[in-house]
Amino acid sequence: MASRKKPGEAGAGNYYRIVVRPTEEFTIFRYHDIGENDGDLQRLAGKRPSGSWDTQAWLINKESAHMEGERLVPDTADAGELLAKLSEPKHIKGDLFEAKDRADIPQREKPTEAQQRAYAHNIKLARKAKNRSS
Numbered sequence: 001m002a003s004r005k006k007p008g009e010a011g012a013g014n015y016y017r018i019v020v021r022p023t024e025e026f027t028i029f030r031y032h033d034i035g036e037n038d039g040d041l042q043r044l045a046g047k048r049p050s051g052s053w054d055t056q057a058w059l060i061n062k063e064s065a066h067m068e069g070e071r072l073v074p075d076t077a078d079a080g081e082l083l084a085k086l087s088e089p090k091h092i093k094g095d096l097f098e099a100k101d102r103a104d105i106p107q108r109e110k111p112t113e114a115q116q117r118a119y120a121h122n123i124k125l126a127r128k129a130k131n132r133s134s
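Residue 58 in the UniProt record's numbering sits at position 58 of the sequence shown, with consecutive numbering throughout.
Hints are computed from structural coordinates only; laboratory data are not their basis. Wrong hints could be hidden among the right ones.
To be verified - Distance ranges between label pairs, derived from CB positions:
1) 84 / 125: 23 to 29 Å
2) 77 / 51: 33 to 39 Å
3) 22 / 71: 20 to 26 Å
4) 73 / 124: 33 to 39 Å
5) 54 / 132: 55 to 61 Å
6) 52 / 129: 46 to 52 Å
7) 118 / 39: 48 to 54 Å
8) 34 / 132: 35 to 41 Å
9) 109 / 69: 17 to 23 Å
10) 100 / 66: 18 to 24 Å
11) 118 / 29: 35 to 41 Å
Backbone N, C-alpha and C define an ideal beta-carbon position, used for all residues, glycine too.
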């Protein structure tokens, strides 16, 4: 007897599923339609046992994005904005991808150490370029 495939594994659906957090963290799930067009982007929110809600997965309509090799490429502005907010989605199988949310850093904690290093590096490069042209 064949077991039921999990959502996105078969690759025959209408959406690409980008999993952000494991389902085991949540007890209840709810879909939210996001974006300009109905059904283009959907957010699968999960409720934790503590009562807090968070995103478990994103669903992108196959008309809003396509696959090139193992990469997911946006075809609409909404899909592009969503993919820019996530780390590079890693293809698992079928329509299933995994990605991580990018950390939302509060303004009071900026500039971060990485931003400071990048700034110093760019200043150094600019000075070298200026000295070469003189």
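Consistency of the hints with the structure:
1. 84 / 125: 23 to 29 Å: Taking Cβ atoms as reference, residue 84 and residue 125 lie about 25 Å apart, which means the hint holds.
2. 77 / 51: 33 to 39 Å: At roughly 34 Å between Cβ atoms, residue 51 and residue 77 fall inside 33 to 39 Å, so the hint holds.
3. 22 / 71: 20 to 26 Å: Holds: the Cβ-Cβ distance is about 23 Å, inside 20 to 26 Å.
4. 73 / 124: 33 to 39 Å: 35 Å, holds
5. 54 / 132: 55 to 61 Å: 50 Å, violated
6. 52 / 129: 46 to 52 Å: 49 Å, holds
7. 118 / 39: 48 to 54 Å: 39 Å, violated
8. 34 / 132: 35 to 41 Å: Check failed, 48 Å falls outside 35 to 41 Å.
9. 109 / 69: 17 to 23 Å: 37 Å, violated
10. 100 / 66: 18 to 24 Å: Check passed, 22 Å falls within 18 to 24 Å.
11. 118 / 29: 35 to 41 Å: The hinted range 35 to 41 Å holds for residue 118 and residue 29, with Cβ atoms some 39 Å apart.
Violation of the numbered hints given earlier is confined to hints 5, 7, 8 and 9; the remaining hints are satisfied by the structure.
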